[in-house]
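Q: Build the complex from these two chains, which are given one at a time in their own frames, with help from the hints.
Each chain is listed here by its residues.
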Amino acid sequence: MDSLHSALFYAFAAVAVAGALLTAWSRSRELAAAGLLLVVLGVALLLADLSGGFAGLVVFVLLLAAAAMTLGVPAQAEAPLRRADNLGAIVAALLFATLAYAAYRGLYHSAGHPGGTFNAAALGRLLIGRDALALIAAAAAALIAIAYLPAGRRGTRR
Amino acid sequence: MIDVGVAQPLTVGAALFAIGAFAAVFRRDGAAMLRSLPLMGAGAVVALAGASRLASSAGDPLAGQELAVLVALAVVSLTGVAAAALLRGSGR
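Going down the list, the protein sequences come from chains A and B.
When the letters of the first sequence are read in order and numbered with our numbering, they come out as residues 30 to 187.
When the letters of the second sequence are read in order and numbered with our numbering, they come out as residues 839 to 930.
Note that these hints are calculated values from the structure, not bench results.
A virtual CB, placed ideally from N, CA and C, is assigned to each residue, including glycine.
Hints may be right or wrong, so weigh each one.
[Stated by the list, open to error] Partial pick of chain B residues on the chain A-facing surface, computed with a CB cut under 8 Å:
1. Asp841
2. Ala845
3. Gln846
4. Ala859
5. Leu877
6. Arg891
7. Leu892
8. Ala893
9. Ala896
10. Gly897
11. Leu900
12. Glu904
13. Gly918
14. Ala921
15. Ala922
In isolation and in its complexed conformation, chain B is listed as follows (with noise of 0.2 Å):
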């Protein structure tokens, strides 16, 4: 079993946000496109967390997790935001 380091976490992050910038770039449909947000917002949380857990400064080692809580609710604003404005989109 290869033990999990930085590299790991970092690499898990990076396949979820490219997923989802993939899944804002390649389809063509609106909802498909807001979907790719909270891919993207996972995988910025993952990264924080897992250098947070295994690469920290011993003066501050939960900034990594604070920062992802803080990321996830600016993924939460970011896709009301977008969601609304799609749906005042579609309605015109």
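The following block holds chain A by itself, in its conformation from the complex (with noise of 0.2 Å):
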């Protein structure tokens, strides 16, 4: 990558953290949709970035909706936290460092890039065409989740 994607690249990624942080930290409703929001930003700019336009596209409008439905639920009040809750962060600060250190000290093989920065046309050929079962598999699955939503709702109202 050239150095103006490298450092967009950095940047995104900033973004995108910094919003994940807000969204796990924060104990506001709006603070949290301000979080998700950075997120959901960034991840599409970062997956521009990396010569996925179609595909960062896809993934704003996809995640956005979860976003979306996520900020629908009202917030319950939070139990105090127990000393064991702090395993929790454990787990999870080595869940990261695992994961780094397979990133940065794994043999990956290390390709070029075909070209197209939108692929919109080649991504539509293997979701629609190649991958067409698992696309209406996806695509099912995320309409069934989109018209039980209503069901929940319903139940609040009881």
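A: Right under this line is the structure:
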């Protein structure tokens, strides 16, 4: 990657990670919504920077829908933290350390990108042509989830 | 400026996934735990797109991007079902 794309990559990565930290830490719904928006925007721009403009656009719409679904759930009173809950933080830190170690120490095949920055036609051929069954299955699952959501809302009104 | 190789997108993806996992296990509020699902999905999406751009085989260069789209669809499904279950649970 050239210098401009590298600089953009780090900037978008910083936006996404800052948004994730804001979402994880904030107890206010508005701040969490802002954090999720930053994550979704940062990830979509990261994908566009990684020569996946169309994938970034689709992921932006889908993750935005998922974020909107999470914000529709009312907050509940949080129980006070127990000492055992700190174990969760340690496990998450260990998870990151392991994944980062694998990313930096693993031997990966390095390859040049064949070209294209948006790749809508090529990605469409893969999704609708070669792997249509996978797309149909994932889309059907998403449709069922979206159809199930109003049933949950009716349950809250009873 | 450090050039971007395959390790950098994988690390950013790992960071997003770990922050999501942290929110899922550390927070005690169902709504806050639910918000960890898009975070973990976003981490997987970045790692897949990065591998697709910087370490894919010449025969199938866009498989990572395709998988990223499918993962995002799966995140929508999981989030929708979990949100509906939480809404039903809070209504009882």
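Q: The structure should be examined with respect to each hint, and the outcome stated for every one.
A: Comparing the hints with the structure gives:
no.	hint	result
1	Asp841	holds (6 Å)
2	Ala845	holds (5 Å)
3	Gln846	holds (7 Å)
4	Ala859	holds (5 Å)
5	Leu877	holds (5 Å)
6	Arg891	holds (4 Å)
7	Leu892	holds (7 Å)
8	Ala893	holds (5 Å)
9	Ala896	holds (6 Å)
10	Gly897	violated (10 Å)
11	Leu900	holds (5 Å)
12	Glu904	holds (5 Å)
13	Gly918	holds (3 Å)
14	Ala921	holds (5 Å)
15	Ala922	holds (3 Å)
Hint violations for this structure: number 10 only, all remaining hints satisfied.
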